[in-house]
Amino acid sequence: MKINFILNKEAVSIDVDPMKRLLDVLREDFGLMGSKEGCGEGECGLCTVIYDNKPVTSCILNAIHADNKEILTAEGVAEEPLGKLLIECFDETNAVQCGICFPGFLVSSYHYLLTDGEPVLEKIKTALSGNICRCTGYKKIFESVLLACQRKKSGEA
Amino acid sequence: MKFYKPTSLPDLFRIVNDIEGKKYYLAGGTDINVQIKKDMIKDEPVIFINHLNELRGIFEVEDKIIIGCLTSFKDLLESILIKKHLPYLQKSLNAFASPLLQAMASLGGNLANGSPTADLTPPLLVLDAKLKILSRSKMRIIPLAEFYRGYKQFNLKHNELIGAIIISKQAEAGYDCFHRKIGSRKALTIAKIGLAGLKKAENGIIKDIKLAAGSLNEYPRRLIKLEEYLVGKSIDSLNFTDIEEILQKEITPISDLRSDKEYRWQVTVNLLETFLKN
Chain A
1375 MKINFILNKE AVSIDVDPMK RLLDVLREDF GLMGSKEGCG EGECGLCTVI YDNKPVTSCI
1435 LNAIHADNKE ILTAEGVAEE PLGKLLIECF DETNAVQCGI CFPGFLVSSY HYLLTDGEPV
1495 LEKIKTALSG NICRCTGYKK IFESVLLACQ RKKSGEA
Chain B
-16 MKFYKPTSLP DLFRIVNDIE GKKYYLAGGT DINVQIKKDM IKDEPVIFIN HLNELRGIFE
44 VEDKIIIGCL TSFKDLLESI LIKKHLPYLQ KSLNAFASPL LQAMASLGGN LANGSPTADL
104 TPPLLVLDAK LKILSRSKMR IIPLAEFYRG YKQFNLKHNE LIGAIIISKQ AEAGYDCFHR
164 KIGSRKALTI AKIGLAGLKK AENGIIKDIK LAAGSLNEYP RRLIKLEEYL VGKSIDSLNF
224 TDIEEILQKE ITPISDLRSD KEYRWQVTVN LLETFLKN
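As you go down the protein sequences, you meet chains A and B in turn. Here this note's numbering runs 1374 ahead of the position in the first sequence, where the first position is 1. Oh and the second sequence: position 197 is 180 in this note's numbering, straight run, nothing missing.
Please keep in mind that the hints were generated in silico from the structure rather than gathered at the bench. No false leads were slipped in.
Straight-line Cα separation of at most 25 Å, DSS-like style, residue types lysine-lysine; simulated pairs:
(1) 152/B x 182/B
(2) -15/B x 1394/A
(3) 1428/A x 20/B
(4) 6/B x 1376/A
(5) 1376/A x -12/B
(6) 121/B x 135/B
Hey, can you work out the whole structure from these sequences and the hints?
And the structure:
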């Protein structure tokens, strides 16, 4: 089935099994390896992408869900000014350990920064509650997002 | 796997009428894709419905709130109408999974998946929610409590679909509302126990009470016998020996990978005590 969508701000079209997992479409058909597979059941957040302006787990979406929608992957987020700010803050606070969860955290954090951005720890924790870090480095991750929120608020970004 | 994408609601029912055997409706995909991964769904036909926007939305019709089956948990959490009329229901939604799943998971899908642990079913049961069930030429309305008939067994014919969920705007008014989900962590956890309750008391006497439990039976259900027993009782002199005896007939806690039956039993009794005495 022919599926048309906007991927990282570019119109794309693909002939694909409509039930193919969106995660596999992104990785195999478009070579976007930022989205990882962890649990494959929507519980770990390694495959988080922005879909229709909301962060979702792409491992439990199908190609058909993308039809006529807009998708921003970790690669796309990294090109955005707020994505760059987040990467800078993750870097400064040494928030990334093994790194596999990082693209997912980046996408969820980006959405929070874009739609809310209030530097409030409890709100950040809720926004990131769908992403799991097996190194359990949450403290530094929350600190880096808090820092990004503060910088955005004070107009440094 | 045969795949269908209906062009409209009439087209959907035309397709559905032609498929006699087992089939799956694909909305947000959050349950179905896990079941495909686990080989629980193999070759059954899949009908995509997520684009049928007439099945989505939250509406106020006279004294009722109507929630289209495709409405997501995120839509419900952000709804001004739900906040105004059903704040208890809105608060209960926070127990569900994570923001990433709340964005995709639909209310209709959550009910139709029929998990014994479904987070929102106990609150919906105590709110006396009803289901509007659609087919090609008919529409019927049934109480949610009559939808479940066993583990993943439903009061639903092969050509039917849950179209909407209906709740009275007054469903919470004047009640003390209670909802607790017991899991292993705060977010992204499957309930070991879910308990919902609404209570009206006057001068220390229980005038009206509604109780529903999840993860404690083959499907979430109302605790009718316990409700009947509790009406008219004084809160200060409740007899918990009697209450436990009735509760034993109402729930069948099991031991599984998430918890064991002794824990489930004791915590349910504790939660019940907390709710009844406050």
